[in-house]
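Undergrad: Letter by letter, the chains look like this.
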Amino acid sequence: MFTLFNMIPRAFEYYAPASVSEALSLLQKYGDESKVLAGGQSLVPLMKLRLVSPAHIIDIGRIPGLSYIKEEDNKIRIGALTTHHEVETSPVVKSKCMVLSEAESHVGDQQVRNRGTIGGSACHADPAADVPSVLVALDAEFKMTGSSGDRVVDARNFFQDIFTTDLRQNEILAEITVPALPPRSGSTYLKFERGAGDFAIVAVAAAVTLDQAGVCQDVRLGLAGVESIPLRALKAEEALKGKKPDDNAILEAAARASEQSKPSSDIRGSAEYKKEMVKVFVKRALKTALSRVS
Amino acid sequence: MSAKKTMLGAPIKRKEDIRFITGRGRYVDDFNPPNTVYMGVLRSPYAHAKINNIHFNKEKIKPLSILTGNNSPLKPLPVFINIPGMKPYSPQALASGKARYVGEPVAAIVVDSRSDVEDALEGIQLEYEPLEAVVDAETALQTGSPLLYDEWGTNLIVKRTASRGDVDRAFREAEATVKGRFKIGRQTAIPIENRAVIASFDPYSERLTIWCTSQQPHRTRDTVAEAFNLPLEKVRIIAPDVGGGFGVKFGVYPEYLLATYFTLLLKRPVKWVEDRREHLMSAIHGREQTHYFEMAAGRDGRITGFKDHVVADVGSPSIISMSPPAKTLQLITGCYKLENFKVDVDFVATNKAPFGPVRGNGRPEAILVVEHALDLVAQELKMDPVEVRMRNFVSPRDMPYDSGTGLRYDSGDFAAVLKKACELIDYNGLRKQQEAQHGKGRSIGIGAVCYVEDTGFGPSKTSGRPGYETAFIRVERTGAVNLYTGASPHGQGLETTLAQICAEELTIHPEDVNVVFGDTERVPYGIGTFGSRSAVVAGSAALLAARKAKEKMLAIASHVLDASPESMILGGGVFMSGGEGRSISFRDVAKAAYDAAGLPPRLEAGLQASSYFDPPALTFSCGAHVAVVEVDSETGNVKVLKYVVVDDCGKVLNPVVVHGQIEGGVAKGIGGALLEQLKYDENDQLLTSTLMDYLIASSMDVPELEIDRLETPSESNPLGVKGVGEGGTIGAVAAVVSAVQDALRPFGGGVDQVPLTPEVVWRLLWKQTG
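Here the protein sequences come in this chain order: D and C. Here the first sequence is numbered in my numbering, starting from 1 and rising by one per residue. Here the second sequence is numbered in my numbering, starting from 295 and rising by one per residue.
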């Protein structure tokens, strides 16, 4: 049944732990009754709409040391509390992982990007959101901290279902690692949206790496808005790998991505339309990414 | 004191903007009387359901008071717009017996703290018996459809027709005909400020004060006083700064009466500020109509006949639901001289939110359809669409022109505004470019349309209700002026334009004129601000009141200077005696009026005057809009590339204000053509209940506008002005639709609905179905 009144959330207890271990013990104590708050840009609206009503809010936003961007061994390590704005404008991310920077520039509006975090967006796991499709495309690694230590999973195991990840109730996400794209790579995030700041009708994260002869060495395609999880379009990637990315190969990849998509009909468009748009935007994203290969 | 740059017609900045832009406006929610309690409204989750028992969850917060529809003592809301022959209904503040739309108030509660409102509402459970609902007007007209009012035996509230000439013969003898179905979606106004009310009854003085978001405080006062049998002089309505109205704050809403009920009961101030979801589901919706139109023409492009059958979905009928379709019927012939036409409108009840005026109030719908029909004729005849329009306009020689629908166009040169707009945008050059690009993958469309609209609501005699507006002016002893207006501005810029009008007449500076509004205890009885009327009617009242004050000042000045009254002139803030060369300042005359000792015999002290200006007739604005759009043929996405408006709203009092009105109006029209849609799902639930889902045009969707004007002064008011608040929207919906139609031409397709969302356009391009 629809809730027909909503402005102020149900009552909750608020905690602001100063360390990861303090946060973990609160999570341990309150279990399913608790929810971690980072930037609050998804959780707070859901609480106001009374779609979720956690009894205990554990605000990890004041824990030091979880906000950083570091380049190491051809990888970019990003602290979970790094804001969208910080990721978007990071020179390292811009030069080594353009697709992520571009995706971040599409998240909500500037106010949301100033407060919302990359880790929060990943944990929220909205399949139509901008950042998760990039993380899936790049096969990002997720470092989660629990009372028994750290563990790392990759993107295909992290995103499990709509709004559901591999993160356990007694863990927090600490870090996301994405690859620095190798030389002769080009990438882009192309979003088809009804209006600025909206979730995507469909969006495509694309990264390509060519060899000296102009053959596709690596292709990465992540799709938003077409499945219950951010979708890695593997079959489409296969259509290009080891080939010269001519128009036919691109169209074949686009067709495969469309086939693999299982969007649902909603206010942003019918399933039929979204599948067609996957075709159009995979094609356009690949062309843009290829034009950026340097 | 006075300077040319402050005269009427000068582009002075809006006085009120400093307050608004710096966040110093005071809106209803900014008022917090001590001891305030908070109201919450429980709303029907069903589109159609019988309401049975009420239960309380004892663990939840217990309200101070509760009222349900089944035990409500409140009188029905008075229906403001009545159409002869319409089925009877009595809108209730709280649904009793059954609920007729999702979001309809079914119970109201009051609690001590705002933070408890939602929790307390969660503690109330109403027992519903869901009924089959109908949310589509054409389905609602079929036999066997669920009925909103069983006693009617139908959902057809009323049918209205307008006709002229012999339309059947026109179609029989036509050299060319076109026809189509056009569906206009359900949309709403989206003021920045939602609805809000504080009702406060003081038991000692027995006075009731209500702060509320209103476009017409006096009518609200009359309604509240009558609803609760209160003496009129004991009820005071204050509409402080109001963050936009566009028609949705026209009437008295159930929530205003509920808050009044509770304050009379509890003797404490009761506050209700709605959230956006409540607003989207229960404040007035507008626009929704489906047209089945046919147009007949000769080979020469002359329109010989027009037929239209309009199915207007007014939702669950309320106080002002019949207004927009009635207005559509009046304006359906647009700017064109149609000798033969027949138009029917079905007013249909459905299980959706109440209907009413939304910027343009039925006019954008009319202009859209007639302009679209002309585009189809042009296509059929392979003529330029601008040329077809030129051959059919009502010309200035035809003025005053009887439209045959109940309107009498007073003035306007439709061909001239369209010609000027086409020149500005280089229409012929654009057509050549378009041809050159044809087949090169870019789908450019050009839409050039013309609109006309009745503005300056009144006069009382023909409209059958008060159509005047009032002004009361008081020149204070310092020479400063307080102007009290019965209009109720909520963003239009009237504080500036009314000050300019007084300043011009009194040759003082607009900064020295303070405009007071929105308080029934301070301002004279007024009709309010709506329907592009305030500059016309309230502006004229301000002028006439200022003129009366000036006359008294002339009498005083001539007495003080011992000069003949005939020789006196006022200029630059100084009264001068032409012959004798003597003078006295405006300020000194004002002081003399209050000091009294030096007044002429038989002249009362003080310096004030009032005017009730009742216009002799409606006055008609017009304008041409030309839009250039690009359609992405792969996605159906439409981008507006260029936009030109040539508007004729008579004499322009302040181009800054006029441009602002047009710009806002065009943005609303572009949104209406491409984005805005209130959507109900198969379970009759409103899907678009947040601004994430209901899209309005942002700065990303509106190109730089080029705005120019012609000035055909109105002869029905002393200022020569015509209304401008709605024209931007009226023209823009039609222009964007016309441009998309033009872009789709090479594909063999055409548009048949708004909003033209990307998927709709994509289907029109590739699927040939809606």
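Since the hints were made in silico from the structure, they are not lab data. Note that the structure is a prediction, hence the values are computed from the model and not measured. Careful, some of the hints might be misleading.
[What the hints assert, rightly or not] For the chain C half of the interface with chain D, some residues (derived, Cβ under 10 Å), not all of them:
| # | residue |
| --- | --- |
| 1 | E412 |
| 2 | D995 |
| 3 | T1051 |
[As the list claims (entries may be wrong)] Quick list of the computed label-pair ranges, beta carbon to beta carbon:
| # | chain 1 | residue 1 | chain 2 | residue 2 | range |
| --- | --- | --- | --- | --- | --- |
| 4 | D | I162 | C | E432 | 50 to 60 Å |
| 5 | C | E976 | D | D32 | 54 to 64 Å |
| 6 | D | P45 | C | S757 | 41 to 51 Å |
| 7 | C | G391 | D | R168 | 32 to 42 Å |
| 8 | C | E353 | D | R62 | 32 to 42 Å |
| 9 | C | P525 | D | Q110 | 30 to 40 Å |
| 10 | C | K356 | D | D32 | 25 to 35 Å |
Every residue, glycine too, gets a C-beta built ideally from N, C-alpha and C.
Undergrad: Now look at each hint and say whether the structure bears it out.
TA: Each hint, compared with the structure:
1. A least Cβ separation of about 5 Å between E412(C) and chain D falls short of the 10 Å threshold, and the interface hint therefore holds.
2. Given the 10 Å rule on beta carbons, the hint for D995(C) holds: about 7 Å separates it from the nearest Cβ of chain D.
3. A distance limit of 10 Å between C-beta atoms decides the matter here; for T1051(C) the minimum to chain D is near 7 Å, and the interface restraint holds.
4. For I162(D) and E432(C), the hinted distance range of 50 to 60 Å is not satisfied, since their beta carbons lie about 36 Å from each other.
5. Our hint of 54 to 64 Å for E976(C) and D32(D) is violated, since their Cβ atoms are close to 34 Å apart.
6. Our hint of 41 to 51 Å for P45(D) and S757(C) holds, since their Cβ atoms are close to 46 Å apart.
7. Between G391(C) and R168(D) the CB atoms are about 52 Å apart, so this pair departs from the stated range of 32 to 42 Å.
8. Range check, E353(C) to R62(D): Cβ separation about 34 Å, and the 32 to 42 Å hint holds.
9. For the hinted restraint 30 to 40 Å between P525(C) and Q110(D), the CB-CB distance of approximately 53 Å leaves it violated.
10. Range check, K356(C) to D32(D): Cβ separation about 29 Å, and the 25 to 35 Å hint holds.
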